[in-house]
Amino acid sequence: MPPSSRRIVVLTVAAVLVGVTQLACSKEPTAAKAPEADEHRGHGYTALVDDGHVVNGKLMLEMSVTEKGFEPSSGGLLQKNQPVTLLVTRRTEATCATSLVMADYGIDAKLPLNTLVEIAFTPRQSGTLHYGCPTGETTGRFFVQ
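Using mature numbering (1 follows the signal peptide of the UniProt record, and there is no 0), the letters of the sequence shown map in sequence onto residues -26 to -1, 1 to 119.
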């Protein structure tokens, strides 16, 4: 292939690549897709509703343990006498939070690395509900109404 033809091919390929990247960058962001009904099969519930929080009358809260601690560290507002299930996954070895302790409820749940752990409880009184690691260095809280 003569050098001028090779140059035309290279420029054509470059133009196509630039066009494809511009097209990809200009797409509207898509809304987050709700999990499929059987995505959490075997975890005691059937399908996520709304923002993935209320399932069969239970509030389902997903949490992670990272190098920063419990995320989110403030789980927001809980309702007194409404069952809650925490879905906790420890994603790092670099933490003291190898279990989640909620002393007021007698909870001391081990958190194996990269394993989803379900922790179910029902808030019995209004106020601040504290949780943390066994040493108390990594903590979080919920507010119960």
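The hints are simulated quantities; they were obtained by calculation from the structure and are not laboratory data.
Errors might be hidden in some of the hints.
To be verified - With a straight-line cut-off of 27 Å between C-alpha atoms, the simulated DSS-like cross-links for lysine-lysine are: (1) Lys84 <-> Lys32; (2) Lys84 <-> Lys42; (3) Lys54 <-> Lys32; (4) Lys54 <-> Lys84.
Inset, instruction - Given the hint that Lys54 pairs with Lys32, test it: the Cα-Cα distance must not exceed 27 Å. - result: holds (12 Å)
Inset, instruction - With a cut-off of 27 Å on the C-alpha distance, tell me whether Lys84 and Lys32 pass. - result: Distance of about 22 Å is within 27 Å: holds.
Legend entry - Pair hint Lys84 and Lys42, alpha-carbon separation not exceeding 27 Å: holds (18 Å)
Inset, instruction - Mind checking the alpha carbons of Lys54 and Lys84 for me, to see if they're no more than 27 Å apart? - result: Since the Cα atoms of Lys54 and Lys84 sit roughly 25 Å apart, the hinted pair holds (cutoff 27 Å).
Violation of the numbered hints given earlier is absent; every hint is satisfied by the structure.
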